[in-house]
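Participant: Could you build the full structure based on these sequences and the hints that come with them?
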Amino acid sequence: MDPTSAAARRSSEDEAAAFFRAAPPLRERDAVAATLAGFVARHSRSAGTGGGPAGVVCVTSGGTTVPLEQRCVRYIDNFSSGQRGAASTEYFLKAGYAVIFIHRRGSKQPYCRFLPEDSFLDLFELGEESEIQVPESHTTVVKTAISSYRKAIDEGLLLKLPFTTIFEYLQLLQLVSTSMNCLGHHGMFYLAAAVSDFYVPWESMAKHKIESAGGPLNMQLNQVPKMLFILRNHWAPSAFCVSFKLETDPDILLHKAEMALRKYGMNVVVANELANYKDVVVMVTSSGKTTVSRQSKAEDLEEQLIGLLVKMHLDHITRPNPDQET
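Every letter in the sequence shown is one number past the one before it in this note's numbering, and letter 146, counting from 1, is 146.
I should point out that these hints are in silico values taken from the structure, not numbers from a laboratory. Please note that the accuracy of each hint is not assured.
[Claimed, not checked] Think about it this way: if two alpha-carbon atoms lie no more than 25 Å apart in a straight line, the pair counts; the simulated DSS-like pairs of lysine-lysine are:
(1) Lys-311 with Lys-94
(2) Lys-278 with Lys-289
(3) Lys-256 with Lys-209
(4) Lys-311 with Lys-263
(5) Lys-160 with Lys-263
(6) Lys-226 with Lys-289
Facilitator: Structure follows, in structure tokens:
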């Protein structure tokens, strides 16, 4: 490794360590770690065998928030409904994977994407004898959602871990990544969450609600450490890693995706533009680019995308790249 790269690597590691030292502790961390360890251990014994899952994938979904106060009233949010992560989780489960679903609280959930958004109460009505029942218009959707979700949970193939803030998200990602390291090439990361690039360090944050009486608010945000580099090189170096690059400017999208591929050592970077992210993405790899698009609104783009990634992951398992064993 050349001196410049080595210095950049040490800097990233130092910044990440400082971030975690200063972050507020993850709530119920020990309980989360124990649940996670049990889930991974159960599937590490059977991953890739005839009787077990094809592999274990960590899907991240939804946007992180940046609190502006320790007792948070105001925050900066990232655009993400969680639709892609929720849909992708369904297709990973269908492909035989066990899934760790790190998701934003209140974002889209697997098998619930087609339920009414306005109100939970729209799913129910009272019968003639005041019994609760599902309206005929929603019966098929609700039955499918319940049966598919229960199957995944009852078979122990889906573990859901919620987050809201950037602090919670990155601590969960660290826990999951280090736990999955034992899976080697059978582990996969599908990092679809919209992660904040800037944040207010906890120690410099106002404790109580920022008062508006003081006039305009001037605030300096720090850059969030680039954890993809740490994940690839330390937490789970043998895993198959897929990250996402979202831009509003199509002229820089593919260039930024290619830069991320090289800089962080990802296996795949999925490039998507805000204006049409539901309809088309470009998979960028070291060997080229593949465009994935849906032909109609009735299709899920994620079905094609996950199908391609599953094939690539199988190739990663059977013919691992020694350059990524760092």
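Participant: Taken at face value, is the distance from the CA of Lys-263 to the CA of Lys-160 at most 25 Å?
Facilitator: violated, 30 Å
Participant: Mind checking the alpha carbons of Lys-226 and Lys-289 for me, to see if they're no more than 25 Å apart?
Facilitator: Status holds; Cα separation ~24 Å.
Participant: Taking only the CA atoms, is the gap from Lys-311 to Lys-94 under or equal to 25 Å?
Facilitator: Distance ~14 Å between Lys-311 and Lys-94 Cα, so the pair holds.
Participant: Verify the proposed pairing of Lys-256 with Lys-209, using a straight-line Cα cut of 25 Å.
Facilitator: violated, 37 Å
Participant: Given the proposed pairing of Lys-278 with Lys-289, does the C-alpha separation stay at or below 25 Å?
Facilitator: Holds. Lys-278 to Lys-289 sits at ~18 Å (cutoff 25 Å).
Participant: Is Lys-311 within 25 Å of Lys-263, Cα to Cα?
Facilitator: holds, 24 Å
Of the hints listed earlier, those the structure fails to meet are numbers 3 and 5, in rising order.
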